[in-house]
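Novice: Next come the chains, spelled out residue by residue.
Number of protein chains: 2
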Amino acid sequence: MKVKVEVFLKPGVLDVQGKAIEAALGGLGFKDVADVRVGRVISFDSAAADKAAAEAEARRMADRLLANQVIESYRVEVQ
Amino acid sequence: MKVKVEVFLKPGVLDVQGKAIEAALGGLGFKDVADVRVGRVISFDSAAADKAAAEAEARRMADRLLANQVIESYRVEVQ
Numbered sequence: 002m003k004v005k006v007e008v009f010l011k012p013g014v015l016d017v018q019g020k021a022i023e024a025a026l027g028g029l030g031f032k033d034v035a036d037v038r039v040g041r042v043i044s045f046d047s048a049a050a051d052k053a054a055a056e057a058e059a060r061r062m063a064d065r066l067l068a069n070q071v072i073e074s075y076r077v078e079v080q
Numbered sequence: 002m003k004v005k006v007e008v009f010l011k012p013g014v015l016d017v018q019g020k021a022i023e024a025a026l027g028g029l030g031f032k033d034v035a036d037v038r039v040g041r042v043i044s045f046d047s048a049a050a051d052k053a054a055a056e057a058e059a060r061r062m063a064d065r066l067l068a069n070q071v072i073e074s075y076r077v078e079v080q
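Those sequence lines, one after another, are chains A and B. Read left to right, the first sequence gives residues 2 to 80 (our numbering). Read left to right, the second sequence gives residues 2 to 80 (our numbering).
No wet-lab data here; the hints were simulated from the structure. Built from N, CA and C at the ideal position, the CB exists for glycine as well. Careful: at least some of the hints might be erroneous.
[Said to hold, decoys possible] Using 30 Å as the maximum straight-line C-alpha spacing, the simulated DSS-like pairs for lysine-lysine come out as follows: (1) B/20 with B/52; (2) A/5 with A/52; (3) A/3 with B/20; (4) A/3 with A/52; (5) B/11 with B/52; (6) A/20 with A/5; (7) A/5 with B/5; (8) B/11 with A/3; (9) A/20 with A/52; (10) B/3 with A/20; (11) A/32 with A/11; (12) A/3 with B/52; (13) B/3 with B/52; (14) B/20 with A/11; (15) B/11 with A/52; (16) A/52 with B/5; (17) A/20 with B/11; (18) B/5 with B/20; (19) A/32 with B/20; (20) A/20 with A/32; (21) A/52 with B/3; (22) A/11 with B/5; (23) A/3 with B/3; (24) A/20 with B/5; (25) A/32 with B/32; (26) B/5 with B/52; (27) B/20 with B/32; (28) B/32 with A/20; (29) A/5 with B/32.
[Stated by the list, open to error] Partial chain B-side listing against chain A, Cβ under 10 Å, derived: (30) 19; (31) 29; (32) 36; (33) 46; (34) 79.
[Said to hold, decoys possible] Estimated spans, in silico, between C-beta atoms of each pair: (35) A/53 with B/48: 36 to 44 Å; (36) A/76 with B/53: 20 to 28 Å; (37) A/29 with B/27: 26 to 34 Å; (38) B/32 with A/71: 26 to 34 Å; (39) A/54 with B/28: 17 to 25 Å.
Construct the entire structure; sequences and hints are all you get.
Specialist: Structure below.
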C-alpha cells in the first residue's frame, strides 16, 4: 500500500525557505497568502500486512531516518 | 483557509534523493519498502473568498513559482 510521510519544521523553528517563498509570492502579486511553510514528503510502497503495520513501520522509519525530531515533526498517512 | 501544494518529480525523472533514502532504509533493516519518492510540500493560509478561488490561486502560484513543470508535477489540496 501507498504510504506518505510529511515532515515539517516544528512551529517556532524559523522556516527560511517558507519566508523566501512568501516574499517571492508577494513580489509576483500574490498578496493574500500568509504563514508559508515548506516541508518534504516521502512517499513509498509498503509491503506491510495491513494499514496499522504500515503506519507503525513508517513511524519507526521517521524516528530513525526521515525526520530530525529536534526541529522537525512528521505526519504519517497510509492509503 | 489552509492550502497545501505537493510537488513531486514526474515519473521517469530519476529521483536520486528517493533512491538514497531507499538504500538507507534498506541498510537500517526496512526491507519491504519500494519506489521511494521525495517531494516537497508548501503549505500556507489563503485569504481567498472560497475553496475554488483558493485552489485556482494555488495553481497559478505553482505554475509561476512553486514547481518546475519541465521535471515536476504538483497537486493542490484545500482544507
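Novice: Each hint should be assessed against the structure and marked as holding or not.
Specialist: Each hint, compared with the structure:
no. : hint                       : result
1   : B/20 with B/52             : violated, 36 Å
2   : A/5 with A/52              : holds, 12 Å
3   : A/3 with B/20              : holds, 17 Å
4   : A/3 with A/52              : holds, 10 Å
5   : B/11 with B/52             : holds, 26 Å
6   : A/20 with A/5              : holds, 25 Å
7   : A/5 with B/5               : holds, 14 Å
8   : B/11 with A/3              : holds, 17 Å
9   : A/20 with A/52             : violated, 36 Å
10  : B/3 with A/20              : holds, 17 Å
11  : A/32 with A/11             : holds, 25 Å
12  : A/3 with B/52              : holds, 27 Å
13  : B/3 with B/52              : holds, 10 Å
14  : B/20 with A/11             : holds, 26 Å
15  : B/11 with A/52             : holds, 27 Å
16  : A/52 with B/5              : holds, 24 Å
17  : A/20 with B/11             : holds, 26 Å
18  : B/5 with B/20              : holds, 25 Å
19  : A/32 with B/20             : violated, 37 Å
20  : A/20 with A/32             : holds, 14 Å
21  : A/52 with B/3              : holds, 27 Å
22  : A/11 with B/5              : holds, 17 Å
23  : A/3 with B/3               : holds, 24 Å
24  : A/20 with B/5              : holds, 16 Å
25  : A/32 with B/32             : violated, 46 Å
26  : B/5 with B/52              : holds, 12 Å
27  : B/20 with B/32             : holds, 14 Å
28  : B/32 with A/20             : violated, 37 Å
29  : A/5 with B/32              : holds, 17 Å
30  : 19                         : holds, 8 Å
31  : 29                         : holds, 6 Å
32  : 36                         : holds, 5 Å
33  : 46                         : holds, 5 Å
34  : 79                         : violated, 13 Å
35  : A/53 with B/48: 36 to 44 Å : holds, 39 Å
36  : A/76 with B/53: 20 to 28 Å : holds, 26 Å
37  : A/29 with B/27: 26 to 34 Å : violated, 41 Å
38  : B/32 with A/71: 26 to 34 Å : holds, 28 Å
39  : A/54 with B/28: 17 to 25 Å : holds, 21 Å
Hints 1, 9, 19, 25, 28, 34, 37, counting from the list given before, are not met by this structure.
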